[in-house]
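FYI, in this note's numbering the residues of the sequence shown are 1 to 391.
Please note: incorrect hints may appear among the correct ones.
[Claimed, not checked] Below 30 angstroms or equal to it, Euclidean Cα-Cα: the simulated DSSO-like pairs (lysine-lysine) are:
| hint | residue 1 | residue 2 |
| --- | --- | --- |
| 1 | 386 | 360 |
| 2 | 16 | 160 |
| 3 | 386 | 14 |
| 4 | 360 | 14 |
| 5 | 377 | 360 |
| 6 | 201 | 16 |
| 7 | 15 | 167 |
| 8 | 167 | 16 |
Keep in mind that the hints were calculated from the coordinates and are not lab data.
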Amino acid sequence: MVKLEIRHIRLALKKKIKHASHERNDSENVVTVVHLDNGSTGLGEGVPRPYVTGETVDSALEALQSWPLASIVGDPVDFAGVVRALDAWMPQASPDDPRAIGSNAARCSAEIAILDAYARHFGVPIGDALNFSAVAADVPIGEPVPVRYSGAITAENPWKERISATKMRIWGFRQVKVKVGIPGADEVARLRRIRRRLGSKCDIRLDANEAWTPAEFRAWSERLAFSQPSAYEQPVPHEAIDELGKPEFRQPFPVILDESLCGPIDAETAIQGGFGEIFNIRLSKCGGVLPSLRLIATAIRNGRRYGLGCHPGESPILSAAGRAVATRVRDLVFLEGSYDRHVLAEPFAKQDITFGYGGKANPLGGSGLGIEIDMAKLDSVTVRRKDITYA
1 MVKLEIRHIR LALKKKIKHA SHERNDSENV VTVVHLDNGS TGLGEGVPRP YVTGETVDSA
61 LEALQSWPLA SIVGDPVDFA GVVRALDAWM PQASPDDPRA IGSNAARCSA EIAILDAYAR
121 HFGVPIGDAL NFSAVAADVP IGEPVPVRYS GAITAENPWK ERISATKMRI WGFRQVKVKV
181 GIPGADEVAR LRRIRRRLGS KCDIRLDANE AWTPAEFRAW SERLAFSQPS AYEQPVPHEA
241 IDELGKPEFR QPFPVILDES LCGPIDAETA IQGGFGEIFN IRLSKCGGVL PSLRLIATAI
301 RNGRRYGLGC HPGESPILSA AGRAVATRVR DLVFLEGSYD RHVLAEPFAK QDITFGYGGK
361 ANPLGGSGLG IEIDMAKLDS VTVRRKDITY A
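All chains should be modelled from the sequences, with the hints used to inform the complete structure.
Here you go:
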């Protein structure tokens with residue numbers, strides 16, 4: 001590794017994304033670019049969100065500048081050596097970060113960039129990293145196969161929600177996530193409209209983004225039972241999540257942990273507390289590909305299920321990394337991501353890897369991430385950049 005670029009990028013969204021925790025017109029991400037001495041280049045991305053891991057763009061940039069990334073990997077002789085080095089690397093958590101998640105987005109950006117660069121150098125796809133992980137034997141990993149992504153309906157006005165649901169049905173989506181818990185919204189009327197247009201065969205899960213108290217969650221789950229959701233995602237704030245392990249708040253349907261599932265400490269807390277039947281694995285909030293695979297292994301060992309999620313506003317870099325995982329890891333309960341063309345005003349990959357009809361998507365070919373980035377377009381969305389040269 002001879003050079004490192006650390007970038008703060010701002011991606012304009014096609015439309016405002018709104019849920020109970022936040023709303024945004026753009027996405028502030030961090031991108032790491034790794035240059036090797038043979039000319040190979042790799043890119044990685046993280047999406048720091050204060051309300052998820054506590055990270056900001058500034059804290060992520062600071063972390064990336066402080067880590068001795070070149071010495072972490074050293075001079076590997078094969079791709080397996082790169083993976084082993086990264087698998088053993090976990091940044092030291094600060095005393096005010098008891099969950100040890102405060103640099104996860106930054107680590108994700110660095111890890112994917114390093115994997116991409118060395119995968120290109122050794123002429124292998126980045127997905128091969130899964131096979132060399134320390135927990136590979138504990139996770140059902142296979143050859144890459146086509147997959148189907150979920151659709152998503154965010155909080156909008158009734159007319160737009162009707163259109164979105166109708167489009168999802170016409171486009172043949174089998175699974176759709178619906179955002180709920182929006183203050184002032186008539187959730188019963190919303191879900192009746194949406195369920196009617198999606199049809200009875202479509203699997204829907206309801207994502208409250210920490211909107212309710214445990215008691216409110218119990219009440220809302222009864223009121224919305226007619227919509228037949230397959231699961232509720234993060235119905236209560238992280239600070240109250242352990243309440244869901246109490247008998248009075250247990251429900252006859254699965255709860256998906258999202259904001260409360262960012263690292264191994266979170267996973268152990270859920271297992272010991274008896275709550276959270278499904279883990280939502282998002283590469284950025286979980287620290288990258290390899291830490292995410294460890295969380296999947298933990299889920300399997302403890303009788304939990306798992307799905308692969310994404311952050312709204314991910315660029316094609318994270319979309320491609322997610323595709324590498326999604327097409328190889330089996331038994332995902334749900335799959336989110338590759339929304340690129342539907343969400344981003346101007347994706348900066350030279351290839352369009354947005355999912356197709358019904359959320360269908362194929363494995364990406366080639367070495368590394370399997371995509372090429374238009375560096376001029378990346379420059380155009382770069383707000384800040386710091387270059388580090390290694391001797």
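Cross-check of the supplied hints:
A hinted pair counts as satisfied when its Cα atoms are at most 30 angstroms apart, and residue 386 with residue 360 does not qualify at roughly 38 angstroms. Simply put, residue 16 and residue 160 have alpha-carbon atoms about 12 angstroms apart, close enough for the 30 angstroms limit, and the pair holds. Straight-line distance between C-alpha atoms of residue 386 and residue 14 comes to about 28 angstroms, which keeps the hinted pair within the 30 angstroms bound. Of the pairs offered as hints, the one joining residue 360 and residue 14 holds, with about 22 angstroms between alpha carbons and a cut-off of 30 angstroms not exceeded.
Annotation: proposed proximity of residue 377 to residue 360 holds, straight-line Cα distance about 27 angstroms (limit 30 angstroms). Our distance criterion of 30 angstroms between C-alpha atoms is met by residue 201 and residue 16, whose separation comes to about 29 angstroms. Distance hint between residue 15 and residue 167 is fulfilled; the C-alpha atoms sit about 16 angstroms from each other, no more than 30 angstroms. Pair hint residue 167 plus residue 16 holds up; C-alpha atoms about 18 angstroms apart against a cutoff of 30 angstroms.
In the structure shown, a violation is registered for the earlier hint numbered 1 alone.
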